[in-house]
Structure formats: structure tokens, C-alpha cells
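Chemist: Model the placement of chain G on the given structure of chain Z, informed by the hints.
What follows is each chain in one-letter form.
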Amino acid sequence: MSLVIVRLYHDLLGTYGDQGNAEILMHRARARNIDVELVEVTPDMSVPRTGDVYLLGGGEDGPQAAALDMLKRDGGLNYAAAGGATVLAICAGFQIIGETLPDSEGKATSGLGLVDAHTIYDSSARSVGEIVIEPTRGGLPVLTGFENHQGLTRLGSEMPPLGRVRRGIGNGFDSREGVWHGNVLGTYMHGPVLARNPELADAVLQCAAGPLRPFVDPLANALAQERRTALSGH
Amino acid sequence: MIPSLRLATACKAGELAGRISVRLGRGRGETLSGRVILALDPKAISRLSHNRDIVLVSGTNGKTTSTKNLAKILRDFAGEGVSTSESGANMPAGIASLLAQKPRSRFAVIECDEMYLPEIYAQTKPKVIVLLNLSRDQLHRTGEVRKVSNLWHSAFSKDDVTFVIDRDDPFLEHAVSQAGHVIRVSFNGRRHPDAATCPNCAAILDWSADDYSCRCGLGAKLPDVRSDKRLDGPQRNTVLIIEAARLMGAEILANEAGELIEQSPDRIHEFSASGRKVSTHLAKNPESWRQALGDVEANQIVLAVNARGIDGRDTSWLWDIDYSNLLGKKVICTGERRLDVAYRLSVQGVDVSVASSFAQAVSEFSSEPIQAIVSYTAYQDLLAAELGLTTGKGEAK
Numbered sequence: 001m002s003l004v005i006v007r008l009y010h011d012l013l014g015t016y017g018d019q020g021n022a023e024i025l026m027h028r029a030r031a032r033n034i035d036v037e038l039v040e041v042t043p044d045m046s047v048p049r050t051g052d053v054y055l056l057g058g059g060e061d062g063p064q065a066a067a068l069d070m071l072k073r074d075g076g077l078n079y080a081a082a083g084g085a086t087v088l089a090i091c092a093g094f095q096i097i098g099e100t101l102p103d104s105e106g107k108a109t110s111g112l113g114l115v116d117a118h119t120i121y122d123s124s125a126r127s128v129g130e131i132v133i134e135p136t137r138g139g140l141p142v143l144t145g146f147e148n149h150q151g152l153t154r155l156g157s158e159m160p161p162l163g164r165v166r167r168g169i170g171n172g173f174d175s176r177e178g179v180w181h182g183n184v185l186g187t188y189m190h191g192p193v194l195a196r197n198p199e200l201a202d203a204v205l206q207c208a209a210g211p212l213r214p215f216v217d218p219l220a221n222a223l224a225q226e227r228r229t230a231l232s233g234h
Numbered sequence: 001m002i003p004s005l006r007l008a009t010a011c012k013a014g015e016l017a018g019r020i021s022v023r024l025g026r027g028r029g030e031t032l033s034g035r036v037i038l039a040l041d042p043k044a045i046s047r048l049s050h051n052r053d054i055v056l057v058s059g060t061n062g063k064t065t066s067t068k069n070l071a072k073i074l075r076d077f078a079g080e081g082v083s084t085s086e087s088g089a090n091m092p093a094g095i096a097s098l099l100a101q102k103p104r105s106r107f108a109v110i111e112c113d114e115m116y117l118p119e120i121y122a123q124t125k126p127k128v129i130v131l132l133n134l135s136r137d138q139l140h141r142t143g144e145v146r147k148v149s150n151l152w153h154s155a156f157s158k159d160d161v162t163f164v165i166d167r168d169d170p171f172l173e174h175a176v177s178q179a180g181h182v183i184r185v186s187f188n189g190r191r192h193p194d195a196a197t198c199p200n201c202a203a204i205l206d207w208s209a210d211d212y213s214c215r216c217g218l219g220a221k222l223p224d225v226r227s228d229k230r231l232d233g234p235q236r237n238t239v240l241i242i243e244a245a246r247l248m249g250a251e252i253l254a255n256e257a258g259e260l261i262e263q264s265p266d267r268i269h270e271f272s273a274s275g276r277k278v279s280t281h282l283a284k285n286p287e288s289w290r291q292a293l294g295d296v297e298a299n300q301i302v303l304a305v306n307a308r309g310i311d312g313r314d315t316s317w318l319w320d321i322d323y324s325n326l327l328g329k330k331v332i333c334t335g336e337r338r339l340d341v342a343y344r345l346s347v348q349g350v351d352v353s354v355a356s357s358f359a360q361a362v363s364e365f366s367s368e369p370i371q372a373i374v375s376y377t378a379y380q381d382l383l384a385a386e387l388g389l390t391t392g393k394g395e396a397k
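Top line first, the protein sequences correspond to chains Z and G. Count the first sequence with my numbering and you get residues 1 to 234, in order. Count the second sequence with my numbering and you get residues 1 to 397, in order.
Chain Z extracted, bound-state conformation:
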């Protein structure tokens, strides 16, 4: 078994330590004897079309616009996602995979359209702080993260969210947070969300690799539990 993980434009979309998610996926895959290859895509490269997992991180407005522009022209990510590749898109990355989002001047522009989601910029305060959500899909415990974003994202009625917000803002409309549509996952829980949620890391791996052997990482579980307890008493 082998997996190709593609990290997209980490220099542009990696403001909040999002590259950690690639390291965590590799770590947890290798613990199950799955070979992993990491492909680091820089702006001068084309996006591989045959990767298994694609990672998009958070970024500032300018770099986000630059990344979106390149992804649209390249087409590789859309091609791979249409073929069933797994996508984990965080924060600015989550906005990019939707139908529309504001460009760097604030005007609506089209996104990659991998999920039915529309982002607008709200002029009120940024959503900044710890976030706790109740996941929509079964088999996952309460998830925790940190959010720091200006945009609000409205999901289409057919789009299942990643979870329901218990604490924090999330997508900002009703109580939904993120999106999980097929193998495409988007979230405002930024940075190394998989560090704090090992079960979510395994769920992402399973999208790409199928059922996984059991693996217990005591330190990962201790961190996840410590965060859950600190934030929600669970």
C-alpha cells in the first residue's frame, strides 16, 4: 500500500502551521506500514493529477488570491478531486474550494467549485479563538481547533458540514462548521487541526487508503483529550 500526499503551495498557504497536517498524516500512515510520498508543489510546478491526498492550508488575502489563480489555470486539483482524490482544505483553502469567495479587493470571484459553498467577507470582527464542534459523521469524538478568519461561508443545502459548532463561530451562518462532501473536507479549524484530532487524521487517511489497522499514539491522544477537557469539559 502506498499513498501520495500533495502539499499545495505551502509558502502561500501555510500561514498557521498547516504543513503540520501533512507530517501527521505521514506519521500515522507509516505507523500502519503504509508507504507515503510527499509531493511539495511550489508555484513553478504543475499540480500532480494522480495524488491520493491534497492539502491546502490557510493564507493571507494576497497569497490566497495568487494560489487560487494558479490552481484554476493548472486544473490538476479539480481533475484529481473529480477522480475521487481526498482533499483537506483549511481556512483560506476551504474558501478556495468553494463556488465563490472575495478576491483581494473584496469582490466576489469564482473558486474551484469542489463544494457548494459561498464565502463573503463580513466587516464585523474577525472570528478568532478556540472552537469546538460535534462532528456530523459517526465514529468521531468531539473535535477541537483554533479559528482565525474574516470570511463567513454559506453551505448549499445539500452540503453536509464537518460538524455543528458548540463553541466558537465556524462557517458563521447557523451553527455549521466546515464541509465534508464525499472525500472533500474543508474546515476553519486552522493549522495543525489533525494534531489535536487524531481520529480526524485517521478519517482523512481512510478516505484515501480504506480501513486502517489500529494504532494508538499515547501522546496524540493525551493532547486531544487535554484540549477537549480544557474547552468543553468532555
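Hints are supplied without guarantee of correctness; some may be wrong.
[To be verified] Here's a subset of chain Z near chain G, in silico, CB distances under 10 Å, partners left out: (1) Leu12; (2) Asp18; (3) Glu99; (4) Pro102; (5) Ser104; (6) Val128; (7) Phe173.
[To be verified] Restraint-style ranges between C-beta atoms, simulated for each label pair: (8) G:Gln178 with Z:Ser157: 46 to 52 Å; (9) Z:Met45 with G:Gln178: 34 to 40 Å; (10) G:Lys229 with Z:Val216: 34 to 40 Å; (11) Z:Arg32 with G:Gln178: 53 to 59 Å; (12) G:Leu327 with Z:Lys72: 35 to 41 Å; (13) G:Gly309 with Z:Ser157: 36 to 42 Å; (14) Z:Gly138 with G:Asp295: 20 to 26 Å; (15) G:Leu222 with Z:Asp69: 29 to 35 Å; (16) G:Pro265 with Z:Phe173: 49 to 55 Å; (17) G:Gly275 with Z:Gly106: 38 to 44 Å; (18) G:Ala203 with Z:Arg164: 25 to 31 Å; (19) G:Lys102 with Z:Gly106: 45 to 51 Å.
For the record, the hints were derived by calculation from the structure and aren't laboratory data. The model shown is predicted, which means the values in this text are computed figures rather than measured ones. For every residue, glycine included, the Cβ atom is placed at its ideal position computed from N, Cα and C.
Modeler: Coordinates of chain G only, in the frame set by chain Z:
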């Protein structure tokens, strides 16, 4: 009340409040004193700055050390009285307080928080502003590094102030691109980890040979000073400080400058814990962690990480750092977010465990040397413990 009387009353009341605060064991009293001064005279900073030669020092890393260093250099080489903050208080209250303390000294060297720099610049009318560097820091509070760069860009226009900047940092070059007088110091370029795109026009920056250029022209202005030696962060800051001191009239010969750069102060402190001496780096953000990790020599390392307000409440940045320098060493993590840093290290393959306190971590090591890297409030807690103060926060839970 006439303005000068209002100011005098404000300063007197501020001094009194500061003394009471010190007597109650609430720290140095600068912030309280400054708050009282500004409450009684909101224009105090501007009035106290009148007819003085002021330097502002700002940037992400090295502000406090560079401010102290510049104050010392000005004292030694210009032989004039210098007002400065010893404690790193860098917001309006702390600044009002330091200006009020020695109102007659000609020079004032003021450390300024990045977000307050435009305001303090407008109020103090400084002769020189030193901009050390800009990188990711406390994202939950100051926002992204481009926002700080843009804030400065809009505030700095053509007037009498002279900026001294590290032009190898594109965020600083953008910040001063509308300013009238700039001394650009180059250290032969180095890749900035946060500057993949241009701070001015958002195009992908062209980074070749460790230097940047952009179609919009950012980075095209030639440096005024070139430093050819390979220098670390604190040394680069000293070079900038020396240029600022020269602008203020200090005569520093080349060999003297060389010595000052060689002896650049760093934020390393020897703490005693469990009967041991531990050489401890204060590191607050990815860039200062990278520098501290570069200095690690011991094989036994304590890392202490909290996430209280001033540390940045979000620990995501821990993943921005490459810890390969710690591979093969024994590392013990402590602090309120010890699990965050310990898990991050374990994913990179570092031999890591956790301890409930700094002293506990130290006590688990052998008699070989120990080094520590600690975040801001963890450092303050260690300092407070050393001084016999309690911070009310206690050690890690």
C-alpha cells in the same frame, strides 16, 4: 488648567501611582504610572517629547534588547542623558511613564509595539525610527504580517524622520516605500519564510540568490550600507542600532562598531532550578525559536510553552518550526501547552517526554549541561520565581 500645569500634575500623580504599585509588589509600576499620566493628560506623550531627540525601535524580534543596547551606546558615545524603558514596556502607558521619568534628558530611546508605532510616531515626532524585522507573531492579536507592513506603509510619509531598516526584509521595504529618508542596510539577503508573495502588489516574489525582486519594483532601491559578514539576528540588530546612533550624533569608529557587533546581547538568562544552572533562551515566535534552536549545544533540553494572551493563544506556530537540531537529544517539555509541543516533536522523531514544571524537568536530567527555550510568560514566571514574586498564575497545571 494650563497645559504645562496639567502635564506636571499628571506626571506627579503618575509617579505616586507607580510607587504605590511597586510597594504593593505589583511589578515595576511603569504601566500604572503611565495610565494615570495619560488619564490626566491625554496629550502627555506629545508634550513630554517636545524638544527631545527621540528614537523609536520596533519590529518583531529583538526590540527590548536593541532598545537597551542603543540607549547604552548613546550614553557611551554621545555622553548625553538617555531616557529609556528597562523593562520592555512598549505600549502608550509604558512610553508615557518612561518619558516622564527623566524629562530633561536630551535623548529618549523608545521601544514601541508594532501596532502602536503609527500612533507613537505621530505623537513623539522622532528623529529616527529603527525597524528591525517583521515576521509572524501573535497572529490572534496583531493579525498577519502583511497587515502590520501595510499599517506602517500607510503611516510613514515624507517628513523629517529617518528610518533605519534591514532592507533584506521585504515587509520593511514595503513599510517605508513612501518615506522620505531611509537608511537601507543589507546583510547580503536571506530568504524570508513568510514572504512568498510581494507585500506591495501580491505577485509571487522572485527569490533568487537569497534576494528578492518584484515586477512592481519592490526591492529595487540600492542599500546604503552593506554588511558582508554572516551575522545572526542579534548581530544584525546591532548593526541597525549603530546606524541609528550615528544619525543621533554618536561617533563610532569602524573598529568600535565591530566590537559592538561581536558583543551583541542576546536574550539568554541563567536560571537556577533544582540546584542546577540552566542557560535559557526567551523565544516568542517561529523566527526567534529558529534562532534559539540554532544556538542549542547541550544534549539535554527543556522547552516551556504557554499560550496566555501575550504568548499568542494559538499554538499552531509550533508546527512552523523545524526541530531537527533536537534529533538525538533528550527533550523534556513543560508549561501549560507542553503536550502541543511534545506531540509536535514526537512527529518529527525527537526523543521527548513531559514534566509538570520547569524544576521537575530539570531534576530529571543528568549532571551534563542543560539548555532551555521558553515562551514569553514561561520566562516571566521563571523571572518572578527568581525574584521571589508570585505571578498569581502559578506553574503549569
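Chemist: Hold the hint about Leu12 of chain Z up to the distance rule: shortest CB distance to chain G must be less than 10 Å.
Modeler: holds, 5 Å
Chemist: Given the hint of 20 to 26 Å, check if Gly138 of chain Z and Asp295 of chain G actually sit that far apart at their C-beta atoms.
Modeler: The hinted range 20 to 26 Å is violated for Gly138 of chain Z and Asp295 of chain G, with Cβ atoms some 49 Å apart.
Chemist: Could one say that the CB atoms of Gly309 of chain G and Ser157 of chain Z fall in the range 36 to 42 Å?
Modeler: holds, 40 Å
Chemist: At a threshold of 10 Å, is the proposed contact between Val128 of chain Z and chain G supported by beta-carbon distances?
Modeler: holds, 5 Å
Chemist: CB of Leu327 of chain G to CB of Lys72 of chain Z, is that within 35 to 41 Å?
Modeler: holds, 40 Å
Chemist: May I ask you to test the hint 53 to 59 Å on the CB atoms belonging to Arg32 of chain Z and Gln178 of chain G?
Modeler: holds, 56 Å
Chemist: Return the status of the interface hint for Asp18 of chain Z: holds when the least beta-carbon distance to chain G is below 10 Å, violated otherwise.
Modeler: holds, 8 Å
Chemist: Would the hint on Phe173 of chain Z be counted as holding, given a Cβ-Cβ threshold of 10 Å to chain G?
Modeler: violated, 23 Å
Chemist: Tell me if Ser104 of chain Z is really an interface residue toward chain G, meaning its C-beta lies closer than 10 Å to one of theirs.
Modeler: Result: holds, 6 Å to nearest chain G Cβ.
Chemist: CB of Lys102 of chain G to CB of Gly106 of chain Z, is that within 45 to 51 Å?
Modeler: holds, 48 Å
Chemist: Return holds or violated for the Cβ distance of Lys229 of chain G and Val216 of chain Z against the range 34 to 40 Å.
Modeler: Between Lys229 of chain G and Val216 of chain Z, where Cβ atoms are some 51 Å apart, the hint is violated.
Chemist: In this structure, is the beta-carbon distance linking Ala203 of chain G and Arg164 of chain Z contained in 25 to 31 Å?
Modeler: violated, 40 Å
Hint compliance for this structure: hints 3, 4, 7, 10, 14, 17 and 18 are broken, all remaining hints hold.
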